[in-house]
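Chains G, F and E: place on chain L using the hints.
Given next are the chains, with one letter for each unit.
4 protein chains.
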Amino acid sequence: MSKKVVLAYSGGLDTSVAIQWLKEQGYSVIACCLDVGEGKDLDFIKDKALKIGAEKSYMIDAQDEFAEEFALTALQSHALYEGKYPLISALSRPLIAKKLVEVAEKEGASAVAHGCTGKGNDQVRFEVSIKALNPDLEVLAPVREWSWSREEEIDYASSRGIPVPINLDNPFSIDQNLWGRSNECGVLEDPWAAPPEEAYELTQALEKTPDQPELIEIEFEKGVPVALNNESLGLAKLIAKLNTIAGKHGVGRIDHIENRLIGIKSREVYECPAAATLLKAHKELEDITLVKEVAHFKPVIEQKITELIYNGLWFSPLTPALKGFLNETQKYVTGTIRVKLFKGNAIVEGRKSPYSLYNEKLATYTKEDAFNHQSSVGFIELWGLPTTVHSAIHQKGKVNA
Amino acid sequence: MSKKVVLAYSGGLDTSVAIQWLKEQGYSVIACCLDVGEGKDLDFIKDKALKIGAEKSYMIDAQDEFAEEFALTALQSHALYEGKYPLISALSRPLIAKKLVEVAEKEGASAVAHGCTGKGNDQVRFEVSIKALNPDLEVLAPVREWSWSREEEIDYASSRGIPVPINLDNPFSIDQNLWGRSNECGVLEDPWAAPPEEAYELTQALEKTPDQPELIEIEFEKGVPVALNNESLGLAKLIAKLNTIAGKHGVGRIDHIENRLIGIKSREVYECPAAATLLKAHKELEDITLVKEVAHFKPVIEQKITELIYNGLWFSPLTPALKGFLNETQKYVTGTIRVKLFKGNAIVEGRKSPYSLYNEKLATYTKEDAFNHQSSVGFIELWGLPTTVHSAIHQKGKVNA
Amino acid sequence: MSKKVVLAYSGGLDTSVAIQWLKEQGYSVIACCLDVGEGKDLDFIKDKALKIGAEKSYMIDAQDEFAEEFALTALQSHALYEGKYPLISALSRPLIAKKLVEVAEKEGASAVAHGCTGKGNDQVRFEVSIKALNPDLEVLAPVREWSWSREEEIDYASSRGIPVPINLDNPFSIDQNLWGRSNECGVLEDPWAAPPEEAYELTQALEKTPDQPELIEIEFEKGVPVALNNESLGLAKLIAKLNTIAGKHGVGRIDHIENRLIGIKSREVYECPAAATLLKAHKELEDITLVKEVAHFKPVIEQKITELIYNGLWFSPLTPALKGFLNETQKYVTGTIRVKLFKGNAIVEGRKSPYSLYNEKLATYTKEDAFNHQSSVGFIELWGLPTTVHSAIHQKGKVNA
Amino acid sequence: MSKKVVLAYSGGLDTSVAIQWLKEQGYSVIACCLDVGEGKDLDFIKDKALKIGAEKSYMIDAQDEFAEEFALTALQSHALYEGKYPLISALSRPLIAKKLVEVAEKEGASAVAHGCTGKGNDQVRFEVSIKALNPDLEVLAPVREWSWSREEEIDYASSRGIPVPINLDNPFSIDQNLWGRSNECGVLEDPWAAPPEEAYELTQALEKTPDQPELIEIEFEKGVPVALNNESLGLAKLIAKLNTIAGKHGVGRIDHIENRLIGIKSREVYECPAAATLLKAHKELEDITLVKEVAHFKPVIEQKITELIYNGLWFSPLTPALKGFLNETQKYVTGTIRVKLFKGNAIVEGRKSPYSLYNEKLATYTKEDAFNHQSSVGFIELWGLPTTVHSAIHQKGKVNA
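Protein chains in written order, with our numbering: chain L, 1 to 401; chain G, 1001 to 1401; chain F, 2001 to 2401; chain E, 3001 to 3401.
Because the hints were derived from the structure by calculation, they are not lab data.
Quick reminder that beta carbons are idealized off the backbone N, C-alpha and C, glycines included.
Please note: incorrect hints may appear among the correct ones.
Stated by the list, open to error - Label pairs and their computed distance ranges (CB to CB):
| hint | chain 1 | residue 1 | chain 2 | residue 2 | range |
| --- | --- | --- | --- | --- | --- |
| 1 | E | K3084 | F | A2205 | 24 to 30 Å |
| 2 | F | E2207 | G | D1136 | 54 to 60 Å |
| 3 | L | D155 | F | Q2395 | 40 to 46 Å |
| 4 | E | P3299 | G | G1234 | 38 to 44 Å |
| 5 | E | E3207 | F | A2205 | 15 to 21 Å |
| 6 | F | Q2395 | E | K3222 | 29 to 35 Å |
| 7 | E | P3171 | F | A2205 | 37 to 43 Å |
The shape of chain L in the complex, shown without the other chains:
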C-alpha cells in the first residue's frame, strides 16, 4: 500500500503538477482546498484535482474560522507588519496547515505537502505550523524540491496531460482571502515605478471612485465588529460586505517594500479595503475606551503578535500568552464608529461608547474637581524633578557664572 500525502491544492499550475509529481514519487495524493474567502470557483478546483490524478479531493469552507479566529486577532492587535502590511497571507497559512494536519490524521497520511518555493515566507509558515501541530508528519515541498524553470515545468505538465493555463504570461503572483489580496512579481520589482493599474482588483483607482462620500457605521461588541450600518452580521459576512463598499471608494491600497523573514527585501502590493477600514475604526474605539496605561502598552503586545504571525509562529506557546493579554483589553471595546469613505480615505468622524472614558459629564467633573491650580503645580514639580536635579548638579558652575 502506497504512502499517503495531503496536498494543499490551489488549482494553479504548480500544485496541479505537484499532484502528478508526488504520484511519481510513490505517494497516493489527497488534495485539500480551503475556502478562506479568495473568491474562486472552489467546486471546479475540487474536481480538477481528481481529474489530474488525486485519489481524493477535499474542499473545506473555513471562512468563519478564518474570520473569527485569525482575522479578528489581527484586527484587535492592529497588526501591520512594518507599519504597513496587514498580514493577509500570513493569517491563512496556519489555518490551512491546521486543516491539512486534521485531514492527514483522519486519512492516516504520513506526509503533507505545500506548493511554496524556497524564496518566500509562506514555506516557513506552513512547515513550522505543521511541525507544531504534529511533529511526526513529514512535510514535502515539491516546487522547492524540483526547482524547475518555467519551461521545464510546462514541458513536464504537457507530457503528463496536465492542463496549462493560457495566460501564463500573467506577470503577477496572487494570494487572496477575506482579509485582503497580495500581489508580487516581476513588473513590480522596480521600486521607482508605480504599480500598474492591472495589479489591483479589489479597489477602484482613486480617479474612478465616486464623487460623493459614503458614511457607514460599524458597531463593535467587546472588540468584535458585529454590525454594519445597523445590520447584524457574522464577521466573515461583514468583512466581505465591507470589502465591496470600501473597495469601491479605493480604500486599502498598499505598496510595500518589506523585509522577509528569510532575509531579503521584497516588493509587494496589497489591497485590503475591509481590513484598512476596520483597523482604523477599532483603534478609534479603543482611543475612547482604554485608559492611558493600557493604550500605551498595548502596542508592545501588538508588535509582538504581528511579528509572530508574520514569522510563522502562530502555534508557538507565545501566541496564547499574548492573546491572554489581548482578550483582557477588549472587555470594554464596545460602541459605534462612523466612518466616511471617500477618495481612498477612511475617515473616522464619530465615536460613541457606553464605556467612553471621554464625555461631557466627566469633562465637567474633572474641570471642577481635579484641575485646580495646585494639582498641576505639584505634578509638574515632581514630574520634572529628576531633570531638575540633573541640571542642578551638572550646571553648578554655569548658573552662578
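Just chains G, F and E now, kept in the frame of chain L:
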C-alpha cells in the same frame, strides 16, 4: 529696582492681560515673541507688547532652529504620539523655553512666565524645560494662577485699557508652527460629531481639492530633506512650501482623542500637510536603505523619543542618548521619493537611493546564490525547532493515539 | 452624627497620634490593622487603638491573600524594581487599601486615612488604590498634612496622653511583610558607608552564617510553590518557613539606591530571604520549561508589572491584562528545584520537570535528526543575509581595491 | 598555485586535523591564533601549526582590543544573556573573525576556516561576521563538514602523524578569554546534577575560599574601569588581575540552561570573577549618576545589544546605533565603588561620584524645597486620574448601591 520677568508673549488676550497683571505684582516685564512659522504679523505683536506696558519686547526668528533641530528630530523619529499626533506644539515649547531662558540670563531677569492654563500639556513642557536649562529661575504661570472666568478677565482688561478682541466668541484655541496647526475647544468636544469645516485652515476640504493629482519629488541626504522638485531648499523653507502644496490637496488632517500627560483625554484637531507628507516619504526611504534589524528596532527608539517630547522632557539627558542612536541610523538615508498628492492622500509611488538594499542586481545575486533549496530547509528546521520540541513534549500521547 | 474615617493603623507613634488628631477634626475613627506577616503582636496593637480613642478596631489576617495574590504575582513576574528591589511594601499597599475600602463601605465611613508622609511612594500607592476601588471615598493623610517636626509631634502626643515609645532615637524606619523587610533612614544616607549590622533583622551576617551548606528542595505546580523539602505547605506558611531557613544563611540582603516615583533617589536596605530564594528557583524552572520565544518576551511583561506595582497602579486595568499573559506562561512551570543555601548564596544545583524541554532523549533526538550539516549552513546563510547584503552594497569599492 | 585559506587555530585536535584535511582539499593553510587572554602557551601553539603542516602561522596579541572594545561594550551594556550568561565566547568570535579577514586580505587568501561543529552558536558568529567584513571570502567549516566520530577523527590523525592528546577522555569542552571561561559537555547534561568541582578552574569552591572578606575599590572614568585599589591599570590588565582576586573568593560561577540561537537548550557552566564583579560595580555607579528616565530605558538597549552579540550580529549596522545610545549614557559614569569579596559574594558597600545625583546637600535641598504637602497631593491626583476615571465609569452602580 523691580524684579524682571521674561514673558512668552503671543499677542492674544491672555498674555496681554498677563503683562499688566505681572506689573501689578511688582515685576518689570520683558515680552518675548518667537517666530516658529505660525504665520502671524509678529512685528505688530512685538509693538503691541510695548503699548500694553512691557518694558522691552523681543521678536526672535527661530524658524531655522525650529526646523533643523526640533522638526527634523520629529521627522527622523517618525514621531506620532499614540500613532496620530505629530507633536506640533510639543516641539515648539522647549525651543521657546530655551529662548526665554537665554533672554532672562542676558537681561538679568529672575523669573520667566508663560500663558498656559492648568489643564494642558504645555505648562509641563514649559516649566520642566525652563528648570532643566536654569534651575535658579522662578517660573510664573499668571493665567493658571489668577484662574478667572472669561468675564472676569475681560473686566480686568477693560478696566486697564487692554484691547479686547472682537471675535471673542471664536470657539477655537489655536497653536501653529511650521510643523502644523493644532485646534482644540468647545465645539469639538462631542466625539460623535465631525469637526466643523471652520476648524481647518491649512488644508482644503476633500470635496474642494483639485481633480488632478500632483506628483512631487523629495530628495533626502542622510535623513534630511534637502530638495523639493529638484529645487534645493533650507528645511524651514521646504516645509513651508510643502505645507502649501500638500495642504491644497487636503493632506494632513487629523482628528484625535488623545491621552494628555496630566491624566485626561482631550479631543484635538490637527493639520500638518508637510509633516504628513515628509513622514511618509522618509519612512519609505528607510524601507529600502535600512537593514531589517535596524528597521525593526528603530520603532522602539521612535516611540520613546515621541513620548519624551510629548511629556515635556526634551531637555532630559535621555534625549541626547536617543539621538545618539537616531543619528547613526540616518547615515545612508539618502535618495529620492516620488509622492502623488491627491484627494487627501500622499501616496509614495517611487523610491530610489544609491544605498538601496533592494535592487535588481542584488535580486539576481541572491536568487542564484542564496536561495537554493537547502538554505531554506535548514533555516526553517532550526527556526521552528523550539516550537517543534514543545509540541513533541506536550503532545506525546496525542500523536500516537 | 460625626463623619466616620477608617485609619490604616500600625501601632506606631504617627498613626497613634493620627487617631487623636482625626477626632479633633470631627471624625469618629475606626482603626484597621492588617496582618500581612510583619511579625508584630497584632492583638496588642488592636487594643492600643481603642485605648487611644478609636471607636472601633479591626485586626484582619490577610496573610494568605497577600501570599496567594500579591506575593505570587511578584514571584511569577520575577519582579525586581531596577533589577534589585522585590517590591516588598509596594505589594502590601494595594491589599491594605482594599481592606480599608471594604471596612469603610461596611461601616458607612466617608473617608479613609493613612499615615504616610509626602516624600515616599506609599502615599501614591494608597491613594491611587483607594480612588480606584471607590472614587467617592475621601482620602486623608494626617501626617503629610500636619507636617510637624518630631518634637512638635511628641509635644502633641504628650499633651493628649498618647504613649511615646522610649526608643525614639531608633534611626530606622521599618516596614515588613511575608515578602521581606525594608529599612530606610538617616544613618543609611551616606552611600559610601556600608549599612550597619543593626539595620538587619531577618538575615545573619555572612560572618556568622553556618559553615555547612544546607540543601533544600522546592516543588512548584503551575508556577506556584507548593512544597518545601517534600512537605506540602500553603504559600504563606512556605514563605514564612523559608524566610527562617534562608535568613539563617544570610540570603537576601539588598542595599539599593533607587529612583522613587516622586522623582528623588533614596537609599533603602531590604532583606528578603524567601523571596530571593524563590525568585531564583522559579526562574530556573522556567529556564527548562518555557520555549525560547516565551522566555525572551516574558521579561517585557515582567518589567511592566514591576513598574506598575512600584508606581501604585495595581488596580489599573493594565494589571489584569498583564496577568492574562502571565497566567498562560505558568501552565507548565511544574517541577522541582534543588537549592544550596550557603554563605549568603542561594545556588540552584538541580532542576527537574515532567515538562522539561531539555532532556537526554531529546538531546539524542535532535542530534540525530536536526543537527546535520545542512540545517546550520542554510540557517546561517539566511540569518546573516541582511548583514551580508548591507556589506555588499556599502563595501563595494573596498573589497575589490 | 594553490588556493590559500586562513584557519582559526587553537592548538587542539580538531583544528590540528583541519590543517591536514584542508591541505588534502588543495589548500595552502595559514594558521592564525589569537591571544584574547585564554592563558595558554601561545608560542607553543604557533609552532605546532607549522609542524603539522601549515605554511605560515600567526600569533596575534589581541588582549587590549578585546578588553577595550568588546569586553567594555559588554560591561557598559550590563550584558547578561537570559539574565545569566555574560557573553564570554560570543565576545571573542567577532574579534577573531576580524583578524582572520585582515590576515586573509593581507595574504591574498580566498577563504577562511573555523573549527566549529554544526550544533553551536559559534559557527553563526564566525560566519556572519566574516561575511559582514568581506562578503567575497569563502568560509569553510571542516569539522562540521567531515562529521566524523571521535574514533574516525583519531584514526585520521594517527594515519597522518598528527599528535593526539593523551587526556582525550576529558569530558569538557572549554573556551576561555579575559571575560571568563565557558565549559560544556557530557557530564553536565543532567540538569538535576550539580556540576562536578573539576568543571571549574578560575574560581575557588565556596568551601575553600578565605574566611576573611577582602575589600577592593574600583575607579571608573566615563564608564571605563581605570584603577583597582588606587592602581591605574589598562583595562586588559585590570580584568586579569581582578579575575585572580575575585576568583580566589569564589565569585562568578554560573550554571546556565540556555536557549541557543540555533533552537536547542544547552547546559553551560561559566566562570567570570572579574566580569561578575565589574558588572555589579558599574551598575551601582550608574544607580547614583543616571537620572531615572535614562536608568529605566537603558535596559531596553542593553537587552538588544546582548541579544545581538549572542546571535552573532556584532557587525550588523544596528550595533553602532546601539553604541551611539550607550556612549551618551556613560559621560558621567565616573566615580569609585567599594566591593566586599567574600564567600562567592561581590557586595557593593560604597559608591561615590563627583556627579552623584544622590547627596546630602541635595537631600536637604529637596526636603525644604520640593517636598511640601501640595506637590505630592497634586502629583498623586493627576498620576492616578486615568485609573480613577476608569473606576468612576465602570463602577457607577456599585458605589451607590
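Hints and how they fare:
1. E:K3084 with F:A2205: 24 to 30 Å: The hint (24 to 30 Å, Cβ to Cβ) holds, given that K3084 (chain E) and A2205 (chain F) are roughly 27 Å apart.
2. F:E2207 with G:D1136: 54 to 60 Å: violated (49 Å)
3. L:D155 with F:Q2395: 40 to 46 Å: Because 42 Å falls inside the window, the suggested range holds.
4. E:P3299 with G:G1234: 38 to 44 Å: holds (39 Å)
5. E:E3207 with F:A2205: 15 to 21 Å: holds (19 Å)
6. F:Q2395 with E:K3222: 29 to 35 Å: holds (31 Å)
7. E:P3171 with F:A2205: 37 to 43 Å: holds (39 Å)
Figure legend: structure checked against the earlier numbered hints; the only hint not met is number 2.
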